[in-house]
Every structure is written in structure tokens, then in C-alpha cells.
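Given these sequences and hints, build the entire structure.
Sequence order for the protein chains is A and B. To convert, note that position 228 of the first sequence is 231 in the numbering used here; the numbers rise steadily by one, no gaps. To convert, note that position 241 of the second sequence is 257 in the numbering used here; the numbers rise steadily by one, no gaps.
Each hint should be verified, as a subset may be incorrect.
To be verified - No farther apart than 20 Å at their CA atoms in a straight line, the calculated lysine-lysine pairs in the PhoX-like style are these:
no., chain 1, residue 1, chain 2, residue 2
1, A, Lys15, B, Lys237
2, A, Lys15, B, Lys101
3, B, Lys92, B, Lys460
4, B, Lys460, B, Lys316
5, B, Lys178, B, Lys49
6, B, Lys316, B, Lys92
7, B, Lys49, B, Lys101
8, B, Lys316, B, Lys101
9, A, Lys160, B, Lys49
As the list claims (entries may be wrong) - What the simulated footprint calls covered on chain B by chain A, stretch by stretch (three residues with Cβ under 8 Å from a Cβ of chain A suffice, anywhere in the stretch; the number is not a length):
no., stretch
10, 139 to 153
11, 206 to 217
12, 246 to 254
13, 283 to 294
14, 316 to 322
15, 371 to 383
For the record, the hints were derived by calculation from the structure and aren't laboratory data. Even glycine gets a Cβ: it sits at the ideal position worked out from N, Cα and C.
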Amino acid sequence: MSAWKKHEIFEKNSFVLLVGILVAVAVGGLVEIAPLFYLKSTIEKTEGMRPYTPLELAGRDIYIREGCYLCHSQMIRPMRDELERYGHFSLAAESMYDHPFQWGSKRTGPDLARVGGKYSDDWHVEHLIDPRSLVPASIMPGYPFLAENRVNARDIKAHLSANAIVGVPYTEDQIENAVPDLRGQAMPDSDAAYDFEERWPDAKVRDFDGNPREVTEMDALVAYLQVLGTMVDFSIYDDAANAR
Amino acid sequence: MAQQKTGLVSLEEGGFAIFLVLLAFACIIIAGKTFDQVMAFHAGLGALFAAVSVFLIFKNFFDDGGEPIPAEIDGKPNYNMGPVKFGTIAAMFWGLAGFTVGLVIALQLAWPALNFDLPWTNFGRLRPLHTSAVIFAFGGNVLLATSMYVVQRTCRVRMPGKILPWFVILGYNVFIVIAGTGYLLGVTQSKEYAEPEWYADLWLTIVWVMYLLLFLGTLWKRKEPHIYVANWFYLAFIVTIAMLHITNNLTIPVSIYSTKSYIVWSGVQDAMVQWWYGHNAVGFFLTAGFLAIMYYFIPKQADRPVYSYRLSIVHFWALIFIYIWAGPHHLHYTALPQWASTLGATFSIILWMPSWGGMINGLMTLSGAWDKLRTDPVLRMMVVSVAFYGMSTFEGPLMSLRSVNSLSHYTDWTIGHVHSGALGWVGYISFGAIYCLVPWLWNKRGLYSLKLVNWHFWLSTLGIVLYITAMWVSGIMQGLMWRAYDSLGFLEYSFVETVEAMHPFYIIRALGGALFVVGAVIMAYNLWMTVRHGEAEEADTTPVGSLAPAE
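Right under this line is the structure:
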């Protein structure tokens, strides 16, 4: 069979083999990844999406650091039982500023895509410190140290800048004032809180961890959890217009 | 240090030394100027490793007096097996560590008190330690060691470079140490199987380019005109992993003094890139690379030729082309556009064919030697690995169908599937290869004890079966419970009720994993005894009657 003999060119020439391999493995990725960038329908038109505030971003970084995504997904599927259990299915737009995405791949614990506003701040604090004090059958680890650790605000400005470089639309003002904004969002009676509200009109200002003296990692994580799934107002979202 | 007469430092030695000196300085500066304690620790480690390496390069230079290493000894190629030995030992070490961490996290899911409420011991930080240890530390060293062995033997030539092979194997293990210590200290990108941060990724890229040069360099020097099939698979593995690694780790560091970075992709695009990467980490790291091992070690151990040359051609090209498309099956019913999800499912089904092509080629190589399955437990382990490969590559396409996936996604069934492939296929083919390699590398007649190999095989197989059946039951149960409605039309179960239902299966799974760990300990003991007390190969000394092999 002369066709089989033709394969020898790959077996006798390592460079040809190398190029052959590169061509073979490049195709699938290009076809599946590239269109997601230019097809406008990939990300729905929504109102309400905004970047994470400095405190929320710090909280998200803690979520990532502790590996929360390993047990909790953030992607509600369009299935009846999920819509009922978790809320409206997740839109691509809702994670457009997530670098990296946190859709998750396992539900050892429940999906958190719309956990924002479902439980009180106090519930979150108690649950994070000792999950079994609120949910006896839970197998989640405890994170009491979050309430003890002051949040690391030292380089939060650089975190916002890095996010801006990768496309998150932070304004100059928001980046410049990242440090006072981080503190202001967790200290409702301070001047910093007033200034924060000007730069972040839709964000919530609360003493998330119940400890008014310090801005802790608990403040940051709870602030992040409480914003999840709350940005898009589904009472005005047009499902039909964005159907693909 | 007999001769003081030395030649000039070679370009290779000088080049590596200069690079490592500059690296050491850069690390020291970063360690000094950073406020990030973990960065200080890692930069410090980097400086230490670089400094020690420079010392070793020069010590080695003075020790051999600039004598060139002969390409052949007594007409036979003077293979460089030192790095292969290192990799084999490292693989065993990391394997034991990785399997043990797996057992720990399995126990944590059954008894959460074992998280101890501390940051460094919680499930979230330990899980990537487990996955990286077993895939990259164990699997990676197996691949590096076997590829260095196989490419030299099949090309009948010593691999190039004096420092280069050591740079690759040691540099890779340094990456492992940085990544692993990082996870415990909270340094992670949260991208599955790509958790190490930007500086570790950069280092790995350098090591990987050197690895490609080492591998290609050996092929260029080859004395055999044809490149053996195992090397096509190794080359595809090396090249594709480079492509995947770079694309899925394109990040902007917060600063050069910070461990943290943000990836350029976001949301749905990042999801697609991540699972294009994630599935192909399986396809190329855990499949193509280990198929290369199958293609060398099974025919060698069975003393039979590979079943079909034509099948190897067809399934090689089909496998590497099709595998890449399967990624979206991790994202069914998510916000990924449906066209991508359909492509992923379709190609995953098509992928069944070249995968089973490989399985058939591996199994049918035993043609004419099936009785060896009874007598040779090492060969038996490798053949059973191919059977598990067949099973996983059937289960995978099945789970890639949207209808099946709507039940299985997010459940323990995925974990069961992963572990039948990881323990059954990757684990067993690796163990088989290591069992073959150790006597060959240390010049021993055979393994210290074939009976211990049998014990290993049966205990581990029982462990694997317990593991996967527990996860099939718990996974399908979870999926069904989540979607269950009662007669009034309300959701039947609260989420925590489904968690409670998992408990007994988490215990059974931990037991299965424990048996797997015990098997690995038995293997480590057997290998240790082989190296230290095994009978030497070839009667170089005067034969003292025929010594009965240890049993």
C-alpha cells in the first residue's frame, strides 16, 4: 500500500513530525475558542454589570486562595430543578469581569452563583467560622482565622490596575482611591464610606463581619459573597432578546 | 579529583551557569524587596536552588577534568541513565506523597473535623496539592524518566548535553516544590490543573523548552532511521502541553514582587480556554504520554511486537487531532454557547474510536503470549491498565453526551470517572513501567519479589473497584436527588440532605484509596529491596552456583 509508505516522511524526519503534530493539535482550539471573542451573541446585553469593588475583589481573592471553587460552583444551569433551587440560570455576562472564571466543576456544597442577599451577613460570618453550628450535617471546613486576619490592603491598587490591564473597566478615580474605598465600604459611619458611595453608587456599604474596629478578611469575603448574582436585575432582563 | 589539568568550560556549562547566577541574583533582589512573605520564601528557595546548581556545575567540571563523555563504550551506546534513575525515584516518592494527600482529603470529606480549622490543612488548599502531586509530580516524573529512557534506547544514542538532562529533571522537580508549597500557603490561580502562579509557570516554560530540545536533540542524533511510535506520542505530549500551558497561563502579575496575577481571559472565554486546557491535560499529559509508555514497555516485557503498525498510525493522528475538540463537554448547559457544547460532545464520541484503537493495539500485542498474564504480574498490571484505559475511554464519551451530563455534571460520578482512568490506566501503566525499569537501570536480574507485585496488584485493584463503585453510586444518587420532586411538585431534598446521603460512600471511597496507598507502599519496599539487595544482572563476578531469586 503506497499510502502507508507515505507516512514514512513523518517517521524519518522529526521536523516534519513536529509540524504535523502542531497543525493537528491547533485546529480544535482555534475553532472552539476564537469565535467566542468575535461572536457578539456570546455575552448577553445586560444592565447592571459592574467590576468588583476593591473590598469585593479582595474577598474574591480570598475565595480563590482557600479553594472555595473546589466544592462550590457558580453556574446555574437552565434546568427546572436548578432554577427553583438557585434562581435564574447564570448568564455569560455575569462572569465577564471574573479573571479567572469561577464557574466551578463540582458541587460538594451548593451552587453560589446567586447566594448574594439570600443569607444575612451574620449568618455568613457564623457559617464561615463554624459551618456545623448552623448546618449540623455540613462537611465544609471552618475558617475562623478570617475574622482574625486584617485584610491585606497594601497592594489593592495594583490589583485593580492589573485587572484594568486585562480589560476590566475600572476608572482612574476608582484605581487611585482603592485603599480608602476598601476601608470605606466596610465602615459605614466613616468619611471614606461617603466617598466610596460616590465612586461605587450600586455597591453596598456595611460592616460585613460585625466587627466595626477592623476591616478583616471576613469583611472582604462576605462582601464578595453578598454581591454574587445580584448585579443583573432579572425583573427587567429581556430573556427573549438574548436568546441564541 | 585526580586530574587538575582542565580544558575550557563548555558553552553548555558556561551558558547554564551564567543563566543560573543571574537567576539567583534576581531571586535575591525579589526576596529582599517584597512585602509578600510567600514570595520571599519562594524567591529564597529559587536563589538557593540556583546557587547550589551553579556550584554543582563547577564541581562537576573540575571533577571530570574536562574529559569528554564517550558516545559509545565497547561498541554499545553510552546511555545517560542518571537522570532517568533520579526521575524514577522521584516518581515513587511523589506518588506516595500524592496518594497519601488524596487519602487525607478523602477522609476530610467523611470527617470534616480533619480540616482542623487551619488555613494550611483545609480541603481547599490540600486538593490541588493532591491533584498536582499525582498528575505532575508522579505522572510528570514517570513521563520524563521513561521518555529519556525510551528515546535513547529506540534511537540507540546517548541523549545530548552534560547539564541539559539534569537541568530538565531537576528543574522540573523544583517547579513541583514551588507549586506544592505554594498551595499550602495560599498561592493558587484557581484554574484546575494549572494552579501554580505566574512565576512557577514561567520557570516551567523554561524547563519545558529545554525538555523539547533534549528530546528533539536525541531524535536528531539517532542511529535508527525510523522514529519509533512511542516517540511520536512523547513528542505530541511535549509539544501540545507547551501550547496548552502557555495559553492557559497568560497572566498579568500584580507586580514582580507579588505572587498574585490575573489571567487575560475572563468569564465564558476563560471557561473555554480552561477546559480546552483541562481536557487536553488529560489527553496529552495523561493519555498520549502514557500511550508512549505502553508502546515501549508492553512489547518489551511481553517480548512481542506491537500488534499493528497501521493501526498505530491511524489512531495516533486521529487521537491527537480529535482530543483537542473535547473540552466543551466540561461545560454542558453552562453559559458556554450551545454550538461549542455540541462540538465538544460530538468530538468526544468520535474520540472513542482512536482511543479504543490504542487499547486494541496494546492488548493484541499480547497475541501469542497470553499465558504470560498468569506468570508475569508486571505484565498483568500493564495489560489491566490498558483495560482500564478502554473502560475510561468508553465512560468518558458516554458522560460527554448532554443528556447524561445533565445528571453527572457537578457530581461524584465525575470523580469516579477520573479515578478509574487515573488509578487504573495511568497508575498501573506507570507502576508497570517502573517495575520494568528499576531492575534494568540498576542492573539487577529481576525484582526482589514477584509475590509482592501480586499483592500490590490485587490490593490496589480491590481499592480501585471500591473507589469507583462508591463514586458511581454516590454520584448518580446526588444527581437524582438534586432533581427529585415530591408529589406536590416541590423539590424533594434540601441540598444538605444530599450531603448527608454521601457519607457512607465517602468512607468506602477512602477505604478504596487507602488500599491503593498500601499497594504503593508495598511497591516502594519491593523496589528498595531490589536496588539494595537484588541480584546483579550478568555474571561479572565468578558464578557461585545458581542463586535462587528472592521470592
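Which of the listed hints are broken here?
Hints 2, 5, 7, 14 and 15 not satisfied by this model.
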